[in-house]
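K.L.:
If you read the sequences in order, they're chains E and D.
Every letter in the first sequence is one number past the one before it in the numbering used here, and letter 254, counting from 1, is 254.
Every letter in the second sequence is one number past the one before it in the numbering used here, and letter 189, counting from 1, is 189.
Calculated directly from the structure, the hints in this document are not laboratory data.
Quantities reported herein were computed from a predicted structural model and do not represent experimental measurements.
Errors might be hidden in some of the hints.
If several chains are the same, the list does not tell them apart, and a pair holds so long as it fits within one copy or across any two.
Stated by the list, open to error - Heads up, simulated DSSO-like pairs for lysine-lysine below, C-alpha to C-alpha not over 27 Å straight-line: (1) Lys130 - Lys109; (2) Lys250 - Lys353; (3) Lys355 - Lys204; (4) Lys2 - Lys91; (5) Lys355 - Lys226; (6) Lys123 - Lys319; (7) Lys353 - Lys18; (8) Lys91 - Lys355; (9) Lys280 - Lys109; (10) Lys355 - Lys210; (11) Lys353 - Lys210; (12) Lys252 - Lys123; (13) Lys123 - Lys210; (14) Lys106 - Lys18; (15) Lys106 - Lys226; (16) Lys123 - Lys204; (17) Lys18 - Lys311; (18) Lys42 - Lys2; (19) Lys226 - Lys353.
Protein chains: 2
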Amino acid sequence: MKHNFGAGPCILPQEVFKEASEAVLDFNNTGLSILEISHRSKEFEAVIVEAERLVRELLNVPLNYSILFLQGGASQQFAMLPMNLLPEGGKAAYLDTGVWASKAAKEAKNIGSVEIVASSSDKNYNYIPKGYAIPSDAAYFHYTSNNTIYGTEVFEVPATTVPIAVDMSSDIFSRDIDIRDFDLIYAGAQKNMGPAGLTLVIVKDEILGKTGRTIPTIFDYQPHIKAGSMYNTPAVFSIYVAMLNLRWLKAKGGVAVIEQENIIKARTLYDEIDRNPFFKGTAEVEDRSRMNVTFVMDSPELEAEFLALAKERDLIGIKGHRSVGGFRASIYNALSITSINALVDAMREFEDKHK
Amino acid sequence: MKHNFGAGPCILPQEVFKEASEAVLDFNNTGLSILEISHRSKEFEAVIVEAERLVRELLNVPLNYSILFLQGGASQQFAMLPMNLLPEGGKAAYLDTGVWASKAAKEAKNIGSVEIVASSSDKNYNYIPKGYAIPSDAAYFHYTSNNTIYGTEVFEVPATTVPIAVDMSSDIFSRDIDIRDFDLIYAGAQKNMGPAGLTLVIVKDEILGKTGRTIPTIFDYQPHIKAGSMYNTPAVFSIYVAMLNLRWLKAKGGVAVIEQENIIKARTLYDEIDRNPFFKGTAEVEDRSRMNVTFVMDSPELEAEFLALAKERDLIGIKGHRSVGGFRASIYNALSITSINALVDAMREFEDKHK
Numbered sequence: 001m002k003h004n005f006g007a008g009p010c011i012l013p014q015e016v017f018k019e020a021s022e023a024v025l026d027f028n029n030t031g032l033s034i035l036e037i038s039h040r041s042k043e044f045e046a047v048i049v050e051a052e053r054l055v056r057e058l059l060n061v062p063l064n065y066s067i068l069f070l071q072g073g074a075s076q077q078f079a080m081l082p083m084n085l086l087p088e089g090g091k092a093a094y095l096d097t098g099v100w101a102s103k104a105a106k107e108a109k110n111i112g113s114v115e116i117v118a119s120s121s122d123k124n125y126n127y128i129p130k131g132y133a134i135p136s137d138a139a140y141f142h143y144t145s146n147n148t149i150y151g152t153e154v155f156e157v158p159a160t161t162v163p164i165a166v167d168m169s170s171d172i173f174s175r176d177i178d179i180r181d182f183d184l185i186y187a188g189a190q191k192n193m194g195p196a197g198l199t200l201v202i203v204k205d206e207i208l209g210k211t212g213r214t215i216p217t218i219f220d221y222q223p224h225i226k227a228g229s230m231y232n233t234p235a236v237f238s239i240y241v242a243m244l245n246l247r248w249l250k251a252k253g254g255v256a257v258i259e260q261e262n263i264i265k266a267r268t269l270y271d272e273i274d275r276n277p278f279f280k281g282t283a284e285v286e287d288r289s290r291m292n293v294t295f296v297m298d299s300p301e302l303e304a305e306f307l308a309l310a311k312e313r314d315l316i317g318i319k320g321h322r323s324v325g326g327f328r329a330s331i332y333n334a335l336s337i338t339s340i341n342a343l344v345d346a347m348r349e350f351e352d353k354h355k
Numbered sequence: 001m002k003h004n005f006g007a008g009p010c011i012l013p014q015e016v017f018k019e020a021s022e023a024v025l026d027f028n029n030t031g032l033s034i035l036e037i038s039h040r041s042k043e044f045e046a047v048i049v050e051a052e053r054l055v056r057e058l059l060n061v062p063l064n065y066s067i068l069f070l071q072g073g074a075s076q077q078f079a080m081l082p083m084n085l086l087p088e089g090g091k092a093a094y095l096d097t098g099v100w101a102s103k104a105a106k107e108a109k110n111i112g113s114v115e116i117v118a119s120s121s122d123k124n125y126n127y128i129p130k131g132y133a134i135p136s137d138a139a140y141f142h143y144t145s146n147n148t149i150y151g152t153e154v155f156e157v158p159a160t161t162v163p164i165a166v167d168m169s170s171d172i173f174s175r176d177i178d179i180r181d182f183d184l185i186y187a188g189a190q191k192n193m194g195p196a197g198l199t200l201v202i203v204k205d206e207i208l209g210k211t212g213r214t215i216p217t218i219f220d221y222q223p224h225i226k227a228g229s230m231y232n233t234p235a236v237f238s239i240y241v242a243m244l245n246l247r248w249l250k251a252k253g254g255v256a257v258i259e260q261e262n263i264i265k266a267r268t269l270y271d272e273i274d275r276n277p278f279f280k281g282t283a284e285v286e287d288r289s290r291m292n293v294t295f296v297m298d299s300p301e302l303e304a305e306f307l308a309l310a311k312e313r314d315l316i317g318i319k320g321h322r323s324v325g326g327f328r329a330s331i332y333n334a335l336s337i338t339s340i341n342a343l344v345d346a347m348r349e350f351e352d353k354h355k
């Protein structure tokens with residue numbers, strides 16, 4: 001058994017792979033592959049309607065929010081979001097918690113005025129800034145709820161009177177949130193939702209259409225809402241797999257249940273990092289992510305040796321991002337506690353060998 | 001056996017479905033699904049490199065052209081193309097051969113000045129305009145090489161001194177073209193290339209970076225070129241399936257070989273339409289598409305009856321687009337002559353019954 005700790009695209013449930021594999025040969029006994037059916041067929045209409053219904057149900061999305069299945073990843077949202085929310089002459093507020101947060105702000109700066117309310121770049125983004133002020137005249141406040149590279153996560157929604165837009169690419173569906181705290185949420189699907197090539201957007205309808213800008217139709221959320229994510233041909237297969245994955249999550253008991261599992265998985269791994277003298281967590285303890293666990297060792301030699309051991313033990317994808325170094329274990333929803341234990345066992349084995 | 005005449009997403013080779021299905025369970029004996037591998041893994045790097053190499057080989061793409069695998073479909077290119085090619089204060093020339101061509105022009109109008117050089121809207125787009133003049137001061141000339149809805153196709157590249165940009169979504173890889181006739185080609189993948197959720201762009205490098213516009217990074221071709229289509233997470237699975245499909249095409253003998261098959265397939269069907277008194281082609285004979293064959297009958301009652309017979313005979317997706325009515329048989333690369341013959345047989349059966 002391979003233990004896939006990859007940061008994304010990442011592990012999804014085996015049941016989902018199995019069902020998706022069958023649908024590539026014969027989708028729902030249609031005699032056709034999911035890859036060759038029309039997006040306008042009643043069979044696919046049922047898929048996209050169920051996918052939307054599952055998102056609404058699992059996250060308890062109120063009816064005054066629309067749910068969109070788009071393409072282009074979170075990076076495309078970095079540009080689409082200010083196109084849709086930042087009025088001519090207006091200002092947006094951004095929190096800088098890493099490379100992705102910073103890229104989001106940079107794209108908004110191409111479109112309008114941007115104020116960075118706080119940044120943790122002084123410590124290589126190993127913490128979440130707190131106690132900053134969000135200007136009340138901002139069109140919106142943007143932050144990244146989980147920072148995959150640095151292993152930090154924002155657990156408390158910042159208090160502000162301005163609309164909040166969040167990049168939840170790497171922690172959506174991993175824990176309970178109150179959608180009403182947010183005005184726009186977007187997420188590249190390739191962590192806890194589905195395969196790469198799909199982007200989820202959840203947006204409060206009333207915040208749209210107010211910028212006075214001419215937006216290319218394809219980059220305007222409203223035509224996509226009007227067309228039920230079928231303004232043009234959607235990413236049929238990715239939406240289908242996301243639907244299967246959300247079905248799996250619902251069958252498990254939903255977001256509240258997976259959150260408890262995620263808390264236990266993260267605690268198990270962080271406990272070992274804190275106990276084992278060979279390993280050291282890189283993120284501030286209170287801001288530690290439950291999705292991406294980053295840790296280092298005392299020397300590049302030790303790290304190379306542990307990486308070799310991890311490989312032997314079928315622990316895949318734990319090399320850290322180059323800007324942090326060391327290791328990053330991404331422990332998304334579909335990764336089981338068995339895989340966490342396998343990693344912890346390897347860490348103990350390493351300790352035993354070297355002490 | 002189902003005969004899938006759907007307009008897109010459409011039939012792909014059964015071998016491709018089989019291999020894709022296996023890779024969803026275990027990709028290349030990695031023990032991992034193609035849906036969970038990192039886009040930065042050496043295994044996926046090999047896929048995207050091979051996909052690019054196959055496009056270059058099959059279409060004989062010179063080295064001064066870049067090949068991109070993007071997301072968002074042709075509709076996204078309607079906006080990206082003028083963002084990248086239409087200078088501030090410049091003008092673009094568009095040929096109007098249908099709804100999609102017209103949408104492309106509309107998006108360009110949001111960005112700059114557009115001149116429609118000719119339109120066939122006077123006859124519900126059932127022909128390709130000819131003999132029009134392309135202004136020599138246009139930044140580029142845009143047309144749609146195949147019009148799926150109306151069953152028309154442009155076989156001769158218009159003579160002009162300005163750069164040519166073409167939407168080849170529904171006929172790329174179906175016939176030999178000389179890439180050097182074009183400056184930019186784009187195509188939604190979901191006809192002859194692969195699954196929905198992938199867009200191919202082939203662009204002559206020297207035409208880029210000349211507009212003086214600030215383009216959001218994700219909508220600028222140049223960062224994608226620089227990053228080898230990995231500026232952000234690409235549509236991993238769609239690229240993989242496209243690669244399998246292009247391998248299949250190469251193994252068949254390439255574009256010149258499939259073109260001969262496509263000519264025979266189209267001729268077989270058009271010959272029956274012209275012979276059988278119950279059916280009538282809608283497109284001008286000289287502009288008839290080899291990919292989408294549109295035809296009607298004398299009354300809605302006859303059409304309903306033939307549609308029912310087609311359904312009985314497992315002929316899928318032949319209902320015409322509402323703006324033309326009647327029938328549309330999309331006969332893309334992967335559709336075999338066996339399926340064409342099954343349709344022709346049904347047409348003869350209908351004739352025998354009614355004469």
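K.L.:
Which holds for Lys355 with Lys210 at a C-alpha limit of 27 Å: within a copy, between copies, both or neither?
P.N.:
This pair counts as neither: shortest intra-copy Cα distance 63 Å, inter-copy 62 Å.
K.L.:
With 27 Å as the alpha-carbon cut-off, assign the pair Lys2 and Lys91 to within, between, both or neither.
P.N.:
neither (47 Å within a copy, 56 Å between copies)
K.L.:
Quick one: Lys123 to Lys210, C-alpha cut-off 27 Å, is that within a copy, between copies, both, or neither?
P.N.:
Neither: 38 Å inside a chain and 39 Å across chains, both beyond 27 Å.
K.L.:
As a check of your reading, is Lys250 near Lys353 (CA-CA no more than 27 Å) within one copy, between copies, both or neither?
P.N.:
Intra 43 Å, inter 53 Å, cutoff 27 Å: neither.
K.L.:
Go through the copies and call it for Lys280 and Lys109: within, between, both or neither, with a Cα cutoff of 27 Å.
P.N.:
Neither: 37 Å inside a copy, 56 Å across copies.
K.L.:
Up to 27 Å between alpha-carbons, please classify Lys106 paired with Lys18: within, between, both or neither.
P.N.:
neither (40 Å within a copy, 43 Å between copies)
K.L.:
Up to 27 Å between alpha-carbons, please classify Lys226 paired with Lys353: within, between, both or neither.
P.N.:
For Lys226 and Lys353, the Cα distance exceeds 27 Å both inside one copy (61 Å) and across copies (45 Å).
K.L.:
From the Cα coordinates, with 27 Å as the cut-off, is the pair Lys130 and Lys109 best called within, between, both, or neither?
P.N.:
within (23 Å within a copy, 45 Å between copies)
K.L.:
If the cut is 27 Å between Cα atoms, do Lys18 and Lys311 qualify within a copy, between copies, both or neither?
P.N.:
Close inside one copy (25 Å), not across copies (30 Å); limit 27 Å.
K.L.:
Taking 27 Å as the upper bound on the Cα-Cα distance, should Lys91 and Lys355 be classified as within, between, both, or neither?
P.N.:
This pair counts as neither: shortest intra-copy Cα distance 56 Å, inter-copy 73 Å.
K.L.:
Give the relationship of Lys123 and Lys204 under a CA distance limit of 27 Å: within one copy only, between copies only, both, or neither.
P.N.:
Classified as neither: same-chain Cα gap 35 Å, cross-chain 43 Å, threshold 27 Å.
K.L.:
Within a copy, between copies, both or neither: which one fits Lys353 and Lys18 at a CA-CA cutoff of 27 Å?
P.N.:
neither (39 Å within a copy, 46 Å between copies)
Hint compliance for this structure: hints 2, 3, 4, 5, 7, 8, 9, 10, 11, 12, 13, 14, 16, 19 are not met, and every other hint is.
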